[in-house]
Amino acid sequence: STTIASGATLRLLGSRSYGSGTSLTGPGTLDLQGGTIDFTSGTTLGLPSTGLINLSGATANFSIGPLTMANGLNMTGGTLTGSSDITVGNAALTVGTLSGTGSLTTSGAVSVGDITLSRTWNANGSTSLTGANIVRFSNGTINNSGSFGLDGTQVNPLLNNGGTNFFNNTGTLTKTTATVANVGVALNNAMGASLNVSGGALVLNSALNNALGATIAVSAGTLVLNSAGTEAGSTTIASGATLRLLGSRSY
Numbered sequence: 039s040t041t042i043a044s045g046a047t048l049r050l051l052g053s054r055s056y057g058s059g060t061s062l063t064g065p066g067t068l069d070l071q072g073g074t075i076d077f078t079s080g081t082t083l084g085l086p087s088t089g090l091i092n093l094s095g096a097t098a099n100f101s102i103g104p105l106t107m108a109n110g111l112n113m114t115g116g117t118l119t120g121s122s123d124i125t126v127g128n129a130a131l132t133v134g135t136l137s138g139t140g141s142l143t144t145s146g147a148v149s150v151g152d153i154t155l156s157r158t159w160n161a162n163g164s165t166s167l168t169g170a171n172i173v174r175f176s177n178g179t180i181n182n183s184g185s186f187g188l189d190g191t192q193v194n195p196l197l198n199n200g201g202t203n204f205f206n207n208t209g210t211l212t213k214t215t216a217t218v219a220n221v222g223v224a225l226n227n228a229m230g231a232s233l234n235v236s237g238g239a240l241v242l243n244s245a246l247n248n249a250l251g252a253t254i255a256v257s258a259g260t261l262v263l264n265s266a267g268t269e270a271g272s273t274t275i276a277s278g279a280t281l282r283l284l285g286s287r288s289y
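Numbered according to our numbering, the sequence shown spans residues 39 to 289.
With beta-carbon atoms standing in for the labels, derived distance ranges: (1) T268 / G169: 31 to 37 angstroms; (2) L250 / G278: 26 to 32 angstroms; (3) V193 / G103: 36 to 42 angstroms; (4) A270 / A170: 34 to 40 angstroms; (5) G146 / S44: 19 to 25 angstroms; (6) G285 / T82: 48 to 54 angstroms; (7) A276 / T202: 33 to 39 angstroms; (8) A279 / A147: 26 to 32 angstroms.
No wet-lab data here; the hints were simulated from the structure.
If you're wondering where the values come from, they're calculated on a predicted model, not measured in any experiment.
Glycine residues also receive a C-beta, built at the ideal position from the N, C-alpha and C atoms.
All chains should be modelled from the sequences, with the hints used to inform the complete structure.
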C-alpha cells in the first residue's frame, strides 16, 4: 500500500503496475510523468477522491471500473487509456491523447490545448477552444450536452485525423470569433440542441444532421455546409448573415 500525504507528491517516471491487493490513497498529488502505469482490477485507488492526479507524460491505463476524480484532471502530456469510465469536474486537457474503451465525462469547466481524441468524451459542462486549441479526432466521439465554444483562431479546431468520428450535440455549439473554423467530423444536432454562429465563418466539411426540434442560428458571419446531411429542424439567418449550401439537402 502507498499513502501520499497532503502537500506531498509521488512522481512516477518508470513503468509500474498496480493490481489485486495494492492500494494508493491519500490527499497528496500523484504525478504520472513517464513509462506505462497500469491500474487494473483489484486495485484500491482512493487517491482520486481525495488527492490530485497529474498526467504529464506517462501512459496511464485505468481499467478498474468506474472512477471519479473529485479534484479534476490536469493533463499536460502522455496518454490516458483503459476501460474505466472516468468522471471529473473541471479539467485542463493541455496536451496528450485520450484513448481506450472507457469514456471521459466532464461536468465542469474544461480548457483544451492540443489533444488527440480516440475515446468517447461526454462534455456536460462548459468547454471552450481558444487561441490555437485543437481536438484531433482519431476514432473519437464528443457527446456535448453543455456549452461548447469554438472561440479561437485555429483553422481546424475539430480535425478529422482518420477513423470514424462524431460530434453529437444535445447542448449548444457556438462559433463566435471573426475567423474561419473548419469542422472535419460529422455533426449531429439532436432535438433541443442549438448550433449558433455569431462571427467569422464556420465551415462544416462532413455531414450536418439537424434533427426535429434542433435549431441552427446564423446571427452574424457565415455557416458553410460542404457535405450532404439531413434536415428536420429549424434554421434562422439574420440580416447580413449567410448560410452557404454546397452539399445535397432537403427541406
